[in-house]
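Line by line, the protein sequences are chains A and B. All you need for our numbering is the position in the first sequence, starting with 1, plus 617. All you need for our numbering is the position in the second sequence, starting with 1, plus 4.
There are no misleading hints in this set.
Think about it this way: if two alpha-carbon atoms lie no more than 27 Å apart in a straight line, the pair counts; the simulated DSS-like pairs of lysine-lysine are:
| id | chain 1 | residue 1 | chain 2 | residue 2 |
| --- | --- | --- | --- | --- |
| 1 | A | K623 | B | K193 |
| 2 | A | K829 | A | K904 |
| 3 | A | K687 | A | K775 |
| 4 | A | K775 | A | K684 |
| 5 | B | K10 | A | K717 |
| 6 | B | K105 | A | K623 |
| 7 | B | K105 | B | K193 |
| 8 | A | K829 | B | K10 |
| 9 | A | K687 | A | K904 |
Everything labelled a hint here was simulated from the structure, so no lab data went into it.
Below, each chain spelled out in residue letters.
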Amino acid sequence: MRIPAKWAPYLLVSPFLILFAVFGLFPLLFSAWLAFQSWEPTSGIEAMKFVGFDNFVFALTDGWFWKALKNTLWLAVATGLPQHLVAIPLAVFLHQAFGKWRGVFSGAYFLPYITSTVAIAMLFGSLFSTDYGLVNQALHALFGGDNINWMRSPDAIKPAVAIVVFWRYVGFNLVLYLAALQTIPHDLYQAARLDGAGPWQQFLRITLPGIKPMILFGVTLSIIGGLQLFEEPFILTNGKGGADQQAMTVAIYLYRLAFDFSDFGGASALAWIMFGLIAALTWLTNKAFADKQVQA
Amino acid sequence: MKRTPKLLAYAIVGIGALFMLAPFYFMFVFATQSRVDIFNVPPPLFFSDELLNNIQVLTTRLPFWKNVGWSLYVGLMSTALTLLFCSMAGYAFAMLEFRFKRALFALVMATMMVPSFMNMIPSFMVMDALGWIDTHRALYLPGAASAFGIFLMRQFAASTVPRELLSAARIDGASELGIYWRIALPLMKPALGTLGLITFISSWNNFMNPLIVMRTAENYTLPLALRSLFSTTSTEWGALMAGSAIATLPLIVLFVISSRQLIAGLTAGAVK
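Chain A on its own, in the form it takes in the complex (with noise of 0.2 Å):
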């Protein structure tokens, strides 16, 4: 039997279909429903009862929120700026300076990203471990004082998430701004050397322009992978948030809510909450940025 061909594009793209409509769309709807409903899963579906707002009124007044919040943000900061201020000033040494070299090392600082975030979260469990962890011996050696209690001290556990995350992921911003390198032309820097302009000059006038569109790119993309943060402070914490709570990410605190609290509306209340947060903040991003952008 032959499909007839105007059937055909819509049986190549029925799996995505059926698997959006099943796995994507239809949660999402009903999670949207179910952030204006109050309902413990163990208590069956004839126990959801309307509320209205009163989930989202209770996840913006509640503590817990806020807490995890400002939680979120510093996480987001502290990791998503050193990535990128890192990144950049590498990407130019590697552009400049590595010839054939640059593939194999941009692989070695691109490799993190590519490994298990449990693997990694257990390896620098026992790296930060408090008496005799790597970290704090080496620390010790090399500045002496007390060993610092890295997984259960409340100032220390959101520092030690800060480095995992920091780790992981700046090898990738360095592969985003080596892409975004290659296309300056050269001439450029030529003609900018013939007019007498030093190597802080040229990367002011001509690198640092040429790579805002991916510096704009690569901050949105931290923006919202930072608000997002779930894994690594998770796996480091156990799944509990750490000590005092101070490596409680939202999405550890949804995961909580839901999980281990069974408040289903509240978490999906939460959830729509951050969804708004995160497409206002990309907006912002792209707003604050295109107004002075040149285009490339």
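Position chain B relative to chain A; hints supplied.
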């Protein structure tokens, strides 16, 4: 670039690279140390001979090889289905004309923007309703027509599959599905390779979906199994590092073989 700045650039990039790779080195060193020796003063810097003991502990505490097997199974299923579904849709979006094509492709792109936590609760409920809790198809099926994969395939097909070839085949009386399978698909091989690698790696590493869906240790994939070892009160660090090393080694091998292809694929959305 002048000499001194160049040396400085080498030094900075080189030291940075050492910091990036050192944790991997210690993972493999620790995998060969006993749980006590890992925390020696000074710390162990070289390999020892406890690897087999560590694996022994791993296999008594966990159904370890079963977990490795499930990770492989889920990874391969997810790769096979993703390649099939994404190449089908990508080819259709790139080469065929049909009603609602633009709207549907906009939908594909829109699904890329949805944050992962949005799906956490509802997808648990869908799995529950389907009776798929603690099953492996819950891990490989839902993401098998990923927006990223469709996008990658569409871009590649649009730039490499010649339209004249398709028209010629049509004139010769080939069916539309036959053209996709016998003419377009072979031409899309390089992109299939890239997408396959990316899909397998992300399935191998996936933590959030199994965390929500899987229930019994017998059915765990590797990341969940390793994590369950971490939550016991006295962590067997040597065994845990051996398990982490086993979870990491295949990825490093894949990366060394195909880093260029992988990096290009993973940053495709940005560079194009």
